[in-house]
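Asker: Next come the chains, spelled out residue by residue.
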Amino acid sequence: MSILARPIQGALAAIVGREALVDDTAARVSAAVDGLVPRWIVRPRSLEHVSRVLALAWDAELAVVPRGGGNALALGHPPSRLDLVLDLRRLDRVVEYNPDDLTVTVEAGTTMGALAARVGARRQLLPLDPAGVERRTLGGLAATDASGPLRARYGTMRDLLLGVRFVQADGVMTWGGAKVVKSVSGYDVPKLMVGALGTLGVLGELTLRLHPEPEFEATWLAVFTDVAAAQAFVARLVDSTVQPSRVEFLNRAGLAACGAGDGPAAVAVSIGTAEEAVRAQGETVARFAREAGAWLRPLGASFWAAHAEATALDGAIVLSVGTLVTLVGETAAETERAVAAAGVAATLTGAATLGSLRAAFPAVEPRAVGTLVERLRAFLAPVGGGVIIQRAPAAVRAAVDPWGPVEPGALSLMRGLKDEFDAKRVLNPGRFVGGL
Amino acid sequence: MPLGPGLLDELRRILGPDGLVASAEGRLVYECDMHTFYKGAPDVVALPESTAEVVAIVRLCRGERVPIVPRGSGTGLIGGAMAPLGGVMIGLNRMTRIVEIDLANRAATVQPGLINLWLTRAVQERGWFFAPDPSSQMVSSIGGNVSTNAGGPHCLKYGITANHVLGLELVTGAGEVVRLGGKVADRAGYDLTGVAVGSEGTFGLVTAVTVRLLHTAEAVQTILASFGSIEEASEAVSAIIAAGIIPAALEMLDELMIRAINEGTGAGYPKDAGAVLLIELDGPRAEVLAQAERVATICRERGALDVRVARDESERALLWKGRKEAAGAVGRLAPTYLLQDCVVPRSRLPEIMRALRAIAERHRVQIANVFHAGDGNLHPLILYDDRNPEELERAKAANEALLHACIAMGGTITGEHGVGLDKAKNLPLQYGEADLNFMARLRRIFDPDRIMNPGKLLPSHPACGEGFRPARPRVPEGAWI
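Protein sequences, first through last, are from chains A and B.
Add 1 to a position in the first sequence, counting from 1, and you land on the number used in our numbering.
Add 22 to a position in the second sequence, counting from 1, and you land on the number used in our numbering.
Be aware that a few hints might be false.
[What the hints assert, rightly or not] As a list, the in silico DMTMM-like pairs of lysine to aspartate or glutamate whose alpha-carbon atoms are at most 25 Å apart:
hint, chain 1, residue 1, chain 2, residue 2
1, B, Lys-179, A, Glu-218
2, B, Lys-179, A, Glu-97
3, B, Lys-179, A, Glu-276
4, A, Lys-425, B, Asp-471
5, A, Lys-180, B, Glu-257
6, B, Lys-179, A, Glu-366
[Claimed, not checked] Listed next, with one range per pair, are the computed distances between beta-carbon atoms:
hint, chain 1, residue 1, chain 2, residue 2, range
7, A, Arg-288, B, Arg-322, 52 to 60 Å
8, A, Glu-277, B, Gly-353, 43 to 51 Å
9, B, Gly-28, A, Gly-371, 49 to 57 Å
10, B, Gly-38, A, Lys-425, 46 to 54 Å
11, B, Asn-410, A, Glu-277, 56 to 64 Å
12, A, Arg-288, B, Lys-293, 48 to 56 Å
13, A, Tyr-98, B, Glu-383, 45 to 53 Å
14, B, Gly-85, A, Arg-124, 55 to 63 Å
15, A, Ser-31, B, Ala-241, 50 to 58 Å
It is worth saying that the hints were derived from the structure and are not from the lab.
A virtual CB, placed ideally from N, CA and C, is assigned to each residue, including glycine.
Sequences and hints are given; from them, build the entire structure.
Answerer: Structure representation (structure tokens):
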């Protein structure tokens, strides 16, 4: 391949322009993915560029890692090879914003911060709030299916992505879905692209459903004497007519990270709607807290911003732990024990009414991570739960399967998809489930 | 294509003597769904009672390359559950069990033949419900809802079926049982559950569905507002949404439909109204009361002729009565109708209604409208007399013109009914070659021998079967090779 490098470089420069092609050593080294240094970094300015670059990559069988803000590059297996990093941050236009229809179409490199500012001016929001959300790109959020506390009310990217323009591995520009809030025309291709880590196509443009900002919002915190009490409180909320926006579980370290006090287990609840309805539901939530042995105290609106920042920085290793709603307390306790057995302490947060926990802790030896992840997977397997390593040093992800086992029949279909749409393994080779 | 006698014997062996419908008159019942234009009886109807039986049938048919058509209650509106090429129809109406209700985890698992409303009935006393509510919910099956990704009046707030399906057991066209998704969120791998919902039986047969259940709202408030014109009513819709209120349902009826309903059901909608809005709010009581007041104010500010707020459940039922019986009421205007399901961006409702009136005039047909205004999902009923073939042709031409108009405004050809045989030919209006090619290849992953519901959802390519060939971008020539 090396004898072909120069002509490929010429072709890339012909497509995107010399200025958008980076090949100096320092820049390439700083763009390394899990220690693999790309031969080129390409910064396309249009989807047309992306399409032509991928067509070239396909013909030359280059390995391509697409990237946005670079927040989730430590997700998945280390790539099996790498030639070209496709940096999509220049694709940052809001293509079409229709506030009356509550829809927006953005290029994949648009940051959430930029989008939030634009739609926030009309009192609308895209209700996605994962760790460090401001700096993340919409393409990256979709490719990694990132979510945060607001999913309790609004769901995840799969519920918000209406249409998607993507470029297949061989360069073919493709559209799936619709630009209206309701469509069942053809297969729901956007669902397939969410969380696929760009392995079936590079996301280029996304049409998203927006929501109105609630006219009033309040947040409260209930600190419990143990996780069992927190669990009882969550169960009470689930079986009620209260409609919270967020129900976030926090362990002691989670509370401290958000600067919200001290206690063995806590749940932060927010409600957003008409002011009188927020107050009325707040009284109900306070009663549930009292019945579970805790006092509800109000938190400032800044709590959620603190939460988003704290969880962005909270550990070298981050796991998402999926469990049943009814087992959130037990799962949290088991996770704390498993991480403690590795000699460090876990910061736990997560959407309690969805059984979606997040555990962060400092770097430990790959072997120790393997032990604790296997322990948690064994704990969760009987109820269909699982553990995904969201962030970890490359050595950890080389030693421990970051995705965990996938049901064999389903994995076989997934392999079929990858074989069909990226037989040459151009896109993010090796990073996805089963080493796809 | 007639089935070999060996295949019938094998089916009988798998299903027993009661598990097959093979007589000509028996099969006739299965020749169409509710879109009665499209007729095609299967060569035999198989009525399995277990996943194992479904697997055995699919493997048998695959071996013989015999088409399979899945069917639930047959209430679809798209020519989906009928057999244009004959073959084996698999009716799932005998698989109606509720496998598990797990309210603490907000989920239930059911067999595909279970009637939609039965699930809500099983949990409503404990304060829960299953949100997707197609108008057919008293008779349509959950498997059918999954297959078409069905919507309903309340999906403005709650979303369509896909938003409520957590997992599936699917028997693929290859005869393999796969379990996709489940009660626990955050799963590794592609969202095959998400893409299988709405695949209209082209991937395989769903033999179990795990769904999200929701807690019943504390309060419901229904408001009926009448307006002089569709334009004014549409502006009120936009103003409600702009105020940050997402009602559970936001339905509109036009003048012709109001007349038909008043004559047919005695619902007592205001006679001189050009449009009626039916608005339903649900949620915590204080929220519903506050929002109802604002909605009523907005409607009055936008020139409503009359605003009625239902004071109790019986008044609420009365306000809904006309809406629910709309399709039946148009029977007074014409013997039959074509029902359309296209969508435009909500902000373009006034524009599409003007276009629709022009289309009606041009093709000399009457079009009555009842639709989900909140999400721009139109349901024009194009009236015609089926005893007059020329009138039918005009109705069909108006129908096609309407689809084109919706697409031109950035819409979609189906909002909640699906594609089926009816709209497969229209899919290229909305998608290019590359997009259709992607979908055709996606289908083959699940159904390698193309035996599952052939002819539905995707158009067949005139030149080379399903082989849509997208153009690849040109790579600079001679640059490196």
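Asker: Does each hint hold? Answer for all of them.
Answerer: Hint-by-hint comparison with the structure:
For a cut-off of 25 Å, the pair hint linking B/Lys-179 to A/Glu-218 stands: about 19 Å separates their Cα positions. The hinted pair formed by B/Lys-179 and A/Glu-97 meets the criterion: a straight-line CA distance of about 23 Å does not exceed 25 Å. Using a Cα cut-off of 25 Å, the hinted pair B/Lys-179 and A/Glu-276 holds, with the two alpha carbons roughly 20 Å apart. Pair hint A/Lys-425 plus B/Asp-471 holds up; C-alpha atoms about 24 Å apart against a cutoff of 25 Å.
About 21 Å separates the Cα atoms of A/Lys-180 and B/Glu-257, which keeps this hinted pair within 25 Å; it holds. This hinted pair does not check out: B/Lys-179 and A/Glu-366 have alpha carbons roughly 47 Å apart, beyond 25 Å. Between A/Arg-288 and B/Arg-322, the C-beta spacing of about 37 Å breaks the proposed range 52 to 60 Å. In this structure, A/Glu-277 and B/Gly-353 meet the distance hint of 43 to 51 Å, their C-beta atoms being roughly 45 Å apart.
The supplied range of 49 to 57 Å is met by B/Gly-28 and A/Gly-371, whose beta-carbon atoms lie about 54 Å from each other. The beta-carbon spacing between B/Gly-38 and A/Lys-425, approximately 50 Å, falls within the hinted interval of 46 to 54 Å. Evaluation of the 56 to 64 Å hint for B/Asn-410 and A/Glu-277 yields a pass: the beta carbon distance comes to about 58 Å. Separated by about 49 Å at the C-beta atoms, A/Arg-288 and B/Lys-293 satisfy the suggested range of 48 to 56 Å.
Separated by about 35 Å at the C-beta atoms, A/Tyr-98 and B/Glu-383 break the suggested range of 45 to 53 Å. Between B/Gly-85 and A/Arg-124 the C-beta distance comes to about 60 Å, which sits within the given range of 55 to 63 Å. Distance hint for A/Ser-31 and B/Ala-241: a CB-CB separation of about 57 Å, consistent with the stated range 50 to 58 Å.
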